[in-house]
Amino acid sequence: MGADQLFSHGITLAVFVIVIVKVLVAFAALMVAVMLMIWFERKIISDMQNRIGPNRAGPWGMLQTLADGIKLFFKEDLIPENSNRFVFKLAPYLTLMPAFLIFTIVPIGGIVTIFGHTTELQVADPPMGILFLLAMSSVAVYGVMLAGWSSGSKYPLIGSVRASAQMISYEAAMGLSVATVVLITGSLSTRDIVLSQMGTFFSFIPKWNILRLGVVPFIIFVIAITAELNRPPFDLTEAEQELVGGFHTEYSSIRFAMFFLAEFMNTITMSAVIVTLFLGGPDGYDPSFLHWLWPILWFLGKTLVFLFGYVWLRGALPRLRYDQLMDLGWKVLIPISLAWILIVAAMQVNRYMGFGLLVLSLLCAVLLFRSMSIGDQSGEAADITLAPTNRPLESEARQIAPGLKVVRPTFRSGTPESGGSK
Amino acid sequence: MIGHLLLTTIALPDLFTFIFAGLAALVGAGGVILARNPVHSALMLVMTLFSVAVLFVEQDAQFLAAVQVIVYAGAIVVLFLFVIMLLGVDRREVTQKDPLPAQRPLAVVAAILVLLEIGLLARSHWSTGQPAVVGPTNGGQSNIVELARAVFTTYLLPFEATSALLVIAVLGAVVLARRAATPTDTVSKLDTASSDILIDLGVDPASSSDDGQRSHQ
Chain A
0 MGADQLFSHG
10 ITLAVFVIVI
20 VKVLVAFAAL
30 MVAVMLMIWF
40 ERKIISDMQN
50 RIGPNRAGPW
60 GMLQTLADGI
70 KLFFKEDLIP
80 ENSNRFVFKL
90 APYLTLMPAF
100 LIFTIVPIGG
110 IVTIFGHTTE
120 LQVADPPMGI
130 LFLLAMSSVA
140 VYGVMLAGWS
150 SGSKYPLIGS
160 VRASAQMISY
170 EAAMGLSVAT
180 VVLITGSLST
190 RDIVLSQMGT
200 FFSFIPKWNI
210 LRLGVVPFII
220 FVIAITAELN
230 RPPFDLTEAE
240 QELVGGFHTE
250 YSSIRFAMFF
260 LAEFMNTITM
270 SAVIVTLFLG
280 GPDGYDPSFL
290 HWLWPILWFL
300 GKTLVFLFGY
310 VWLRGALPRL
320 RYDQLMDLGW
330 KVLIPISLAW
340 ILIVAAMQVN
350 RYMGFGLLVL
360 SLLCAVLLFR
370 SMSIGDQSGE
380 AADITLAPTN
390 RPLESEARQI
400 APGLKVVRPT
410 FRSGTPESGG
420 SK
Chain B
0 MIGHLLLTTI
10 ALPDLFTFIF
20 AGLAALVGAG
30 GVILARNPVH
40 SALMLVMTLF
50 SVAVLFVEQD
60 AQFLAAVQVI
70 VYAGAIVVLF
80 LFVIMLLGVD
90 RREVTQKDPL
100 PAQRPLAVVA
110 AILVLLEIGL
120 LARSHWSTGQ
130 PAVVGPTNGG
140 QSNIVELARA
150 VFTTYLLPFE
160 ATSALLVIAV
170 LGAVVLARRA
180 ATPTDTVSKL
190 DTASSDILID
200 LGVDPASSSD
210 DGQRSHQ
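Those protein sequence lines, which keep their order, are chains A and B. Everything in the first sequence is counted per numbering that gives the first Met the number 0, starting at 0 for the first residue and increasing by one. Everything in the second sequence is counted per numbering that gives the first Met the number 0, starting at 0 for the first residue and increasing by one.
Please keep in mind that the hints were generated in silico from the structure rather than gathered at the bench. Any given hint could be a false lead.
To be verified - Across the chosen pairs, the derived CB separations fall in these ranges:
1. Ala56(A) with Phe158(B): 35 to 41 Å
2. Leu14(B) with Leu77(A): 52 to 58 Å
3. Leu156(B) with Gly314(A): 50 to 56 Å
4. Val22(A) with Ile111(B): 58 to 64 Å
5. Val22(A) with Gln102(B): 45 to 51 Å
6. Phe288(A) with Leu155(B): 50 to 56 Å
7. Arg35(B) with Leu77(A): 21 to 27 Å
8. Met197(A) with Gln102(B): 35 to 41 Å
Ideal placement from N, C-alpha and C gives every residue a C-beta, glycine not left out.
Turn these sequences into a full structure, and let the hints steer you where they fit.
So this is what it looks like as structure tokens:
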């Protein structure tokens, strides 16, 4: 049902102090983790790109982030003339707060007893649990959107519109894959989700949700989260070649640092959420000594795997085009996750219904993708003005009006290439 | 007497939460109508919705609180902001005009009616001061379980009808927004897009040729 034992005897001063300590420890740990994460990412990326990376401040350059933070803090804080000052100052906080708040519902360890009070190793365990994740990630849209708008400049506005469209579209797929987890757990509480994943199949395969649900919701969730984080390959919102820096172009000094902080904090938090939902959270092999420590180590280890995965994605994949991004979100991820919810729900009833629904969804998928391809073909005529090149325009025009002459503007007289032929 | 009632029946943390969330909701509601900038108004609306969500949590209606934030703050006000930002409603000349002159006196009447209704509700036996109508505090199962049971048994038909209504609305919006592509449409677009280039090169756009070869050589 999702309630911490800590509150079962009423709220006394000791309970209050424990809650405060938990919040402070979580915040401090997350800040240190962000510092190390930025260093980790820069180091791994530089290894992948065959260069050295930060190596001056501290051992192996570990304090580079701290140095950068201090430098940013003392830089001049510029506010553009055309900006909406109140909203401009508010936006970084709106980005940072959800990043931290999502972390509060992640279980990072087992149950411990401090000074006679038994408590769970997570900041909060509300009954609405994982819905809090969805609520906070929908709030995170505001920070990006308002930052872009309030800057009073074109590139940030374009970046923020891209960002909010992207976050809203991928939230649907994310919510649907979370729903499969909730279906199989029967509870929204993150603690219950973790507890239900304990145990093994055939006494050696862990009973984690990634296996219980089939791998599909896990993959969809990871893709949707990557898009939600605006991380590569979904980082169109800060595409340097097109948009300078995206929504935070006009930000400088500590406000810019806060956007950066929020981005990396979100990466860590979302990796932790993936571990919680699909990989059993702190569940793992437990030698019978130091009983409280092993779950935390397991949790950190699993999270680190995903953090490395995100850095790897950044190093390996090129950025998507905007139409590819929207096609992937709406035409692939959402239909698959919808079908998978139905299959998981039917599997809860019995096997025959589950496999029946699997066959039915495959049939529906074939129909859907056929109709989409027909729609693409007939819709191309309407979309050609949006297409980035002239090629579809030419071929389409020749089909409709065979005699039409189409001339490209690349060979104007006076350019060096065409100068010789004059 | 009311102070005495509050102190005896409500725990102290609940009282603080109620006071702060209630004040924030009121300030936000005032800000929505008093702010000059429509974006500020929308943000104030978000504040009110959040405070109401906090009040829901305090009443043990956790699911309602989450849905309030996800649906209203996360989707509907974002949509408002999109419209305000992209259509440029935040310019001064647009906001100063009053398209419906009758709505101010009507608003006063409506406000009086709502105040009367709140007064009636506050004096009647309908508002009991109980934390939740169905929920763990009243000895039932958790809020979400009760809600799910109600929606999928007693109120199944209205629930499904509402979802069907939403799907129909989405389909209708898509049909209205999607313009049918016609051949003439394409050609006219093509002309406007490239005619200046063609004229620039001394080519008549209407003259026909068999291919798109470069014509200036």
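To test your reading of the hints: which numbers does this structure violate? Of the numbered hints, 1, 2, 4 and 8 do not hold.
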